[in-house]
Each structure stands twice: as structure tokens, then as C-alpha cells.
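Visitor: Here the protein sequences line up with chains A and B, keeping their order. The first sequence runs 1 to 417 under the numbering used here. The second sequence runs 1001 to 1528 under the numbering used here.
Because the hints were derived from the structure by calculation, they are not lab data. A hint or two may mislead.
Computed list of lysine-lysine pairs in DSSO-like fashion (alpha-carbon distance at most 27 Å, straight line) [said to hold, decoys possible]:
1) B/Lys1093 / B/Lys1116
2) B/Lys1203 / B/Lys1182
3) A/Lys283 / B/Lys1249
4) A/Lys380 / B/Lys1303
5) B/Lys1116 / B/Lys1086
6) B/Lys1249 / B/Lys1182
Estimated spans, in silico, between C-beta atoms of each pair [said to hold, decoys possible]:
7) B/Gln1378 / A/Thr202: 43 to 51 Å
8) A/Asn324 / B/His1408: 50 to 58 Å
9) A/Pro186 / B/His1408: 48 to 56 Å
10) A/Thr366 / B/Gln1378: 19 to 27 Å
A quick note: this is a predicted structure, and the numbers were derived from the prediction, not measured. Note that CB positions come from ideal geometry on N, CA and C, so glycine has one too.
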Amino acid sequence: MARKGSSSSSKPLKRRAARLAALVSSLTAGAADATRKVVRGRKAPSKPAGGATAQAAPAAPIPRASVVRKPSRNPTIARRKAAAGKSPVRKPGRRAGDAASSPLPVSSASTTPAAPWEPAQPASAPHHSRTPQEPPSPSAGETPYAIPSGYGDDRIVLMVKDPWWLYAYWEIQPETERAARGRLLPHEIAGLRSVLRVYDVTGRDSPAEPVHRAFDIALSGLATNWFIQTDAPNREFIVDIGLLANTGRFLLLARSNRVTTPRTTPSEVIDEDWMVTDEAYWKLFGLSGLGSGSSPSWSGSVSSFSVVGTTRPSIVRGFWCRVNADLVIHGATEPRSTVAIQGQPVAVRRDGSFSLRLTLPVGTQTVAIDITSPDGRHTKTVTPVVTLAWSGALSADAASTETPRARTHARPSGDNG
Amino acid sequence: MNPQGFVALVLHTHLPFVRHPEHPDFLEERWLFEAITETYLPLLERFQRLANEGVPFRITMSFTPPLLAMLADPVLQGRYVRHLEKLIDLSGKEIERTRWMPPFHRLALLYHHRFKTARQQFVETYRQSLIAPFRELSDRGLIEPIASAATHGYLPLMDLSPSAVRAQIHVGVQAFEHAFGKRPAGFWLPECGYHPGHEQYLKECGVRYFLTDAHGILLGSPRPKYGVFAPAVCENGVAAFGRDLESSKSVWSAEEGYPGDHDYREFYRDIGYDLDYEYVRPYLSGDGARLNTGIKYYRITGKTNDKQPYDPDRAIERAAQHAGNFLFNRAQQIEHLRSVIDRAPIVVSPYDAELFGHWWFEGPDWLEFLIRKAHTDQTALSLIAPSDYFQHYPTNQVLEPSMSSWGHGGYHDVWLNGSNDWLYRHLHKMAERMTQLAREHAQPDALQRRALNQMARELLLAQSSDWAFILKTQTHAAYVYRRIHDHLARFNALYDAVQQRRIDDTRLARLEETDSPFPFLDYRVYAD
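The following block holds chain A by itself, in its conformation from the complex (with noise of 0.2 Å):
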């Protein structure tokens, strides 16, 4: 076991650390921080989480949720965050913001400043926003409300990940720590450090028994949770959180829970009434679409409505470009004259105005707009004729980088352009 000095386990010192890292770790938005350790392994977790950057990225979350980089695998998700680049969290934000200018009337509540997650008054107007929606200033007096980076317990959790890998989470109080401090002697406190230790427990009652396999993590200073690598399927775990001096004395902070990881392999135990040679199984484990192998690879489909869009299949990169021409028809008559476009009725607004808007194809076209006076008396016809070209070839293999030129000729007749 490693014995070196440390200094700096004060814990709260750590903790003061710890809100600092968080605080830091919210500005750099989710940077890998120095507070993130990496458990080596096989199968080390995309993500190992360190603990103060755990603890402080909800509540700061605006910083965290703006680092949407990655590439949305569902486009209506990821450029809309492009979009509302400005400020990701605008819709909760606004809440206050509606309170604050709600027409509706004002509720007994609003004699006691609205708390940030409360919610706002219904929207006054049930139409559809065309506004930005912006975020709002916070009204004087409010503070955002915090998630919390703590609930003033000693304890620890432990959680299974996968049949390979555990995790914990913990909090230990500083004057619990003090207290355990408190029964070294003078000369093991050089030295001490916290772990975790881990206990493989399967079949047994408590760590007190004689265990099958016990290993310590050293913790570095912040850490307040840890991805756990046991390569242990199918075996039971209880992990100690505690403070180890240099003389190998060890001062329980806290135990965790019991976990149970799942087996990967097929069960040994056979039952007589309902045998199944090996040979079977593995047949059975093919025809279920397994493939061979005790050990196979899951696919990937999950659940959630957003999902599965992760499945996209992929493109070939290549050079690419689009480039279509729209024809927009627009002008004004007297109000509830008719319009027509082709022989079919266009909507004329309240205020005489009508546009539309054509795709054109490639070549000529021969627009007919018909516009018929309110009391059907008056007829004037307006034929504007189109001529779309284009030079350049726009199929994604043939010389894509030409650029395509388009011409359009519009010959109103009539003083409607």
C-alpha cells in the first residue's frame, strides 16, 4: 500500500477546494478538470466523473448545459441549440420573466418573491411565439437556487455499473473526519490518507468475516465519487470509505451498501426437471440471435424518443451543395378581390396583399395570375414568364465545384412587380 505523505486532507480545506473546482469547472464548461480521475482498466468508463465537477455541474447549469458540442445525432435538437446559442437554458429562464409581465391576475404568491424553480403563471397568449424568447433579468432579491452539494451525511453508496465495473458516491462530514483524526496517534497521522476499500464479500456476512479479496483505492483530495473497476461478474461487494495511516491502522468512515454484480456466463446450476444439454443451450443462444461467444456484444437500441436517431446511418463525406431557385409572387389589389395563380385561388390579405411563393424547375415557365375585382367585374390577367438555367453540373459526384449560375428572366406585364 502507498504511504505518502500527504498534507492535504484537511477536509475542509477540501471542501472549500472542492466549491472552488466546481466553481471553475462551471466556467470552463465541462473542461476535463483536474478533479476527474481516470480508473485504468479494460473498460474504463467514457467518462470517470470526478466529484467536485460532479457535485457543482448542476448547479451551475447553464455553463455545464451550454457545452453542446457534440454533433446531435437529431437535428432538430442540435440546431436548435446552435440557434439559442446565446443563453441554452432561455425557456426556463424566462420563467421569472413571465411571472414578472403576466397580464393574468396576480396571485397571493406574488407578495412573497417567485423562487427561481418555481413555476411561472400560464402563458397568457395560447399562440404560438415568434419573438426570441430572451433570458430574463433577475427580478431584485431572488437567488438561484442551488442543487445541493450535500446533505450533511456520512455515507457512502454503492451502485453496479455493469458486471465489470462498480460505483460510489459519498459524503463524509469534516467533523466525523476530525473525530476519526482525533484517535490516531501522533505519529500515524504523517501519512494518512483516504481510501477506499474494496471488499469482495460474496457469501459472506460483513468485511469482518474473513473476505475473498480485499483491494484499497488511494482517493485523490476532491473526490466524492469513483468508477470502481472489479472485474468480478457475478460476485457481491461492500465498499469502506476511511482514513489510512502509514502503520496500516484503518479508520472507517463509512460502509457502504451490498451490491451484486451479474453473471456473463451461463449458470453452472442445472435443474434435473428441465435439463438442457450444453449443446442446446448454445443452439438456443444462436437462434436468439446471440451469435457465438459467452461474452456477446448487446446491440444498441434503447428507448427514449430522442434515441433513435443515434442510429443514423452513416453518409459518405463527399462534397456536397444544393442550390434550388424560388419564384415569389407578390402584390396587392383591392381588399377581397380574388387572386388566382395558375387557376388556383390564392389568399388574398385583409389588406389587399397576396404573395406565393413557386420551386421553380429547370426552363421556361408561364405564370398565369389572375386578378378578379370584388364584384367580379373587373378582371386583369398578368402572365410573368420565367426562364431558369442553370450552367454548371450539381449531381455529388460531377464537378461540384463549379458554381451554379442562375438566370431568371421575369417579363411582368403589368405594374405589379
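Since the structure of chain A is already known, use the hints to place chain B on it.
Guide: Positioned in the frame of chain A, the structure of chain B alone reads:
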């Protein structure tokens, strides 16, 4: 003639509870609107057509409580109609815009017709509530509806708090009973997430079976004699059906699966992105970011960005072929199985319902073809619901399924990793506090009862597996941070208020109105 085997198609419908009356237009509410237009209405239409023509079928559908609550919610119903009206307006403009481009013009007409039909069905036929028609199909024995957890909480990572698991399951079953007027035969474990022992709470609710992923059964102990092709029965009598991965893959896989066929409609080319910004701006969400409108004109074409126009006739022909292929493959699979096992196997194929129609535009057609062909073209297999299997084989092997999920990796990695692990210390604490207060308040006064029930709502809403998932994919992460923050903050404020006996009636009422699902909720489910 008795069939050689059985196929159980299971469609899992779920959307997280997203309802924001405080905003006039809320992007994430579109999840529901798109699912109604593209999945729920098309499925209903086809099921009812089959029923009216006397084509027998049996499909299992799970309905999660958040989805049931949103489908029954007048605010969202009204907003859905407005959403449709905008689509009708936009597709009407598209008819004009595409007049000179016949392949697109035809599709514009098709979309316009679809949206108008959707409005007519939603408003007139179903009077804005889609639960009743599903219930009617259930009453006629054509679909077997099954329940799911209260807010699609990921139960294996909740195991620290047994009362929280119990509440997710009990409240889920209660929501089901409110919607369907009966006990559910089966239960969809969210994300197929199974933790040994959770069958206890299913039994308390009278549930007969649940579904797991394949390895949940295959790695069960003792060794399963029939693999995933017969149910396994837990010690307490609740049965588990394992997912068949072969049939799953043929639909799920984007590369090898049917939905990736080049003739099918391309999901990722939508006029919300393709057309001139000014033109589509009125149909975008409040912030003006481009988004999917649902109007898509191209077919998948191939691994290229040079997409060809979509041809619905070709696509529908392909859907029919694929339905035939699916049946053929199942018949083959069953024939092979009969050489290994001494009974008629059941092949369980669960899918997210929203795959059909939303992602895989032709999915509902495929399903209809499948049902018709299963009825007329073959006798080798028959479509059943899992519970029907017990009539054929009432006795099944007892074993303990293995911890598992259908998420990537087969375990909990998707919901427990560096992007979302911080959630659990809060969720666990909330569950602990809820349990504590539920035990301390066996005889509440009216206000305390409301506050405690609202705490339970906030806890349940915070537990939705969707949040952990979205934090991982980072697709709507800002929204999700806010949701977790709000539910946690509201919960803790109520916790303090209850403990200090200072419950503010007005504030509580506003929370009840905002986080509104489960009006029947009784927090004492946490006390046991």
C-alpha cells in the same frame, strides 16, 4: 392446425412528461405532437381498419403513465390541434410552391392530406383523447395493453430504496388501471432494466409477466431449458419473457434493418432545414431555430447526401416485401427451434412504438402487411400476446433472471456514466426523504396530504430514465438540467415546509397545477 410457434410483437410507447403551460410555445412538447401525428394516429387507423375488416390480430402495447397523462391533458390536446393547423397551413403552401415539380407536388398533397386527416381523426373521431380508442381495441382483445413504471424510472439504479421501486411500479399500475379500467397482465420494465427481486412489487400489483432482454433469461439460473423461447418464472410466480434479438435486429438496426432500405423515406431531410429560412420561420418554435416539421421529400437513396425524391408507391411495395421477409424468417427460426426444443416456441419482439411512423415512416404499413400476411399467407406461426402463451403452456421453468437491460452494453452504462452519475445522490436522497416523511405522516391533515402527494410527484418526475439518457446524449441537456433542478428544488422546499409545518397553500397549488400527473397518487405507497 396448431401453429409451430408464436410471435409476440410488443410496442412500447413512452414519452417523458413535458407540459409547460407557462410558455406559449415549447419545443419539447413537439415530441408528443410528432408522435401523435406520425405514430399513434397511424397505428390506430390501421388497427381499426383491420378490426373492421375482421382480420384477427394480437399486438401487445405498453403505455407509460406520463404518456397516458399527456394524452389525457386538455392543455396539450389543444396545443396539438394548433400544431396540426400550422402543419396544414404549411403543407398547403407547399402544394403551391411545388406546383412545377411533380414528384414533390405529389408528396406535398400527400402530407397535406395526412395532416388534415389527422386533425379530423383527432378532433372529430377521437374527440381529442386517444386513450379511449386504444382501450376499445383492448376490450375487443386485439391489443394487450400492459403497464409500465410511473415515470419510466430506471429501476435497477433505484434498488437502494425499495420503497422508490415499489412506488414506481404501484403508481404505474394505478395509472394503467385508470386508463384501461382493468389490471394489467404484463409490465414493461423501463429500458428492460431488471434487478433481481423487483418481481416482488410486480406480484403485489397482480402482474403476471414482464419483459427482459435476452441475456436476462439466457444468463438466468438455473440454465433456461428453452432459452428466450419460453417464459421463465421467478420464484414468486411472476414470469419473464426474454427479447429475441434476431427479430429485433431486423427492425432496429439502422444498417441491416428494414428501416434503412434505400426506398424508404429519409428522416434527416426535412423542409424545416432545407427550405428558405424566411419561408419556414413561421412554423418553427419560438426561438426560431430550424427543426423538423415532419414534411420530408426524399428517400434514403444510399450513403450519400445526394438524395432522390421519395416515391410512396415504391416504398409501400418495399414495406410489403419486408413484412413477408419478416414472417419468412420467423417461420425459419421457429422451424430450427422445433429441432432443438420439444414445444412450440414464443419469439418475443419488442420495439419502441415511436420507431413506427416517426423514424420509420413506413413502419405502420409494414405492421399492417405483417398482420394481414400472418392471417392469410401462412399457418406456421401465430401472433399472440405473452399472456396467451400460458394457455398453451401453463407450466414453465422456474429460474432467477439475471440483472440486465436493453441499453448499450446490456447493463446500466447508459444511465450511469460520467455524464449523469451525479443524479443518483439526489434521487436517492429524495427517495429516502420521501420514505421518511411517508412513515412519519400516517395521519396527515388535508394540506399535509397534498404537500406529501406533490413531493411524491416531484420525486417520480425527477426519476424519469429519459433525463439520465438525455444527459448522456447531450441532445436536450439544457432542458433536462432545468427539469432536474426544478423537481429537486420543489421537492426539497416541500420537504422543509412539511417538516416545519409551514406549507404555503398558494404555492403548493401552483406546483400541483404545473407538475400535474397522477391525480390519484397516494404518497403512502412509500410508507410500506
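Visitor: Evaluate each hint against the coordinates.
Guide: So, going through the hints one by one against the coordinates:
Among the hinted pairs, B/Lys1093 with B/Lys1116 is consistent with the structure: their alpha-carbon atoms are about 14 Å apart, no more than 27 Å. The straight-line distance between the Cα atoms of B/Lys1203 and B/Lys1182 is roughly 16 Å, inside the 27 Å bound, and the hint therefore holds. Between A/Lys283 and B/Lys1249, the direct Cα distance comes to roughly 18 Å. Compliance with the 27 Å bound is thereby established for this hinted pair. The straight-line distance between the Cα atoms of A/Lys380 and B/Lys1303 is roughly 50 Å, outside the 27 Å bound, and the hint therefore fails.
Note on B/Lys1116 and B/Lys1086: the hinted pairing holds, with a Cα-Cα distance of about 11 Å set against a maximum of 27 Å. Distance hint between B/Lys1249 and B/Lys1182 is unfulfilled; the C-alpha atoms sit about 33 Å from each other, more than 27 Å. A beta carbon spacing of about 50 Å between B/Gln1378 and A/Thr202 agrees with the range 43 to 51 Å that was offered as a hint. Look at A/Asn324 against B/His1408: about 39 Å separates their beta carbons, and that is not inside 50 to 58 Å.
Distance hint check for A/Pro186 and B/His1408: the Cβ-Cβ separation is about 52 Å, which falls inside the suggested range of 48 to 56 Å. For A/Thr366 and B/Gln1378, the Cβ-Cβ distance of about 56 Å falls outside the hinted range of 19 to 27 Å, so the restraint is violated.
When the structure is compared with the earlier hints, violations turn up for hints 4, 6, 8, 10 and for no others.
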